[in-house]
Amino acid sequence: MFQHLPAVVVLLTVLLQCGTAYAVGRARALYGVKAPATSGHPLFERAFRVQMNTLESTLMFLPALWLAATYSAPLWSGIAGLVWVLGRVWYAVGYLRDPARREGGFIVAAVGLLAVLGMGAIGLGKALLLG
Amino acid sequence: MFQHLPAVVVLLTVLLQCGTAYAVGRARALYGVKAPATSGHPLFERAFRVQMNTLESTLMFLPALWLAATYSAPLWSGIAGLVWVLGRVWYAVGYLRDPARREGGFIVAAVGLLAVLGMGAIGLGKALLLG
Amino acid sequence: MFQHLPAVVVLLTVLLQCGTAYAVGRARALYGVKAPATSGHPLFERAFRVQMNTLESTLMFLPALWLAATYSAPLWSGIAGLVWVLGRVWYAVGYLRDPARREGGFIVAAVGLLAVLGMGAIGLGKALLLG
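Protein chains in written order, with the numbering used here: chain A, 579 to 709; chain B, 579 to 709; chain C, 579 to 709.
The reader is advised that the hints may include incorrect statements.
Chain copies aren't distinguished; within one or between two, either way the pair holds.
Only pairs whose alpha carbons sit at most 25 Å apart, straight line, appear in this in silico SDA-like list of lysine to any residue [stated by the list, open to error]:
{"hint": "1", "residue 1": "K704", "residue 2": "F580"}
{"hint": "2", "residue 1": "K704", "residue 2": "L692"}
{"hint": "3", "residue 1": "K612", "residue 2": "A688"}
{"hint": "4", "residue 1": "K704", "residue 2": "A693"}
{"hint": "5", "residue 1": "K704", "residue 2": "P652"}
{"hint": "6", "residue 1": "K704", "residue 2": "A688"}
{"hint": "7", "residue 1": "K612", "residue 2": "I685"}
{"hint": "8", "residue 1": "K704", "residue 2": "V689"}
{"hint": "9", "residue 1": "K612", "residue 2": "A599"}
{"hint": "10", "residue 1": "K704", "residue 2": "L594"}
Rather than coming from a laboratory, the hints here were simulated on the basis of the structure.
Produce the complete structure using the sequences and hints provided.
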């Protein structure tokens, strides 16, 4: 069962993106910011920044998760991945309420990202040395 | 042959990104919006928004396509993926002509995304239950 | 050992994203651009554009690299991938110094991207023909 944990994390990552995209769509309607504008109301801009920052982080996280799951242990990669997802959910919810409250989740997510990145890099290094 | 259909969708997704990036570069030259600016002319801003929205959607779609192709049937995942690509092309072409005409393609792409996401989630759920 | 070269490229791609994200965070602090703003100082805007352009390009590159590594030779895919990474590092460093100096790296990265895309497309085409 543990071998599927990274895939569970991938599913949660997709749902996280859906959530931050939904928050932007809702803010667009709520504060009357018509597409293609991405500014015009502070609360819309906040939701938009949450989505973009989540996207930026996801593009570092998913390749790192793949490296860790392929070259290291799927169980520990999956657990570190869950830490990243939880940190990112906390970051998004905190930031949407108050930009000053985005730091806790950001740090937790960074720890999760560094963990999968470290596991992936070490596992890949071992594979290269062993030929 | 069907087992390669998801890979065909991946290739089309990359070409779609190339297309929306090309439209932004062309609009930059055409309307004299110098980098690093991302605003200054409504038609440039529209092309830029199309690229960014395509990018946001791709980062939900590709991991979901991987889940569906891995945990469900490659043929049906590929067909749902083609629906997403077609919807996204329609969205991009429609939006570039008139922001009001972006809804049809958006809805078709959303159906394709929900289909791969649903197939991936159900397939993963089954794999977890079967251990 | 060569079979791991695409994974090395994936690792370098993640580190590249970390680098461009770090440059944005540093510019945010240095030029006093408070989140969620993404404008307000030309040098911050430049760092932000470098990050976003790197992100846009990465979302074309990684799926194309996967196609090439899966359907073509891992060694040549990895070498073309290294060309893309080097081009992108050159682009980022050049652009951060002077927007006029971003072209060299951009062109090198485009050559690397076209190479992996071409290898992936040809390899996939062969796989489809052979059934």
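Hints versus structure:
no.	hint	verdict
1	K704 / F580	both (22 Å within a copy, 14 Å between copies)
2	K704 / L692	within (18 Å within a copy, 31 Å between copies)
3	K612 / A688	between (33 Å within a copy, 20 Å between copies)
4	K704 / A693	within (17 Å within a copy, 28 Å between copies)
5	K704 / P652	both (16 Å within a copy, 18 Å between copies)
6	K704 / A688	within (24 Å within a copy, 31 Å between copies)
7	K612 / I685	between (33 Å within a copy, 18 Å between copies)
8	K704 / V689	within (22 Å within a copy, 31 Å between copies)
9	K612 / A599	both (15 Å within a copy, 22 Å between copies)
10	K704 / L594	between (32 Å within a copy, 22 Å between copies)
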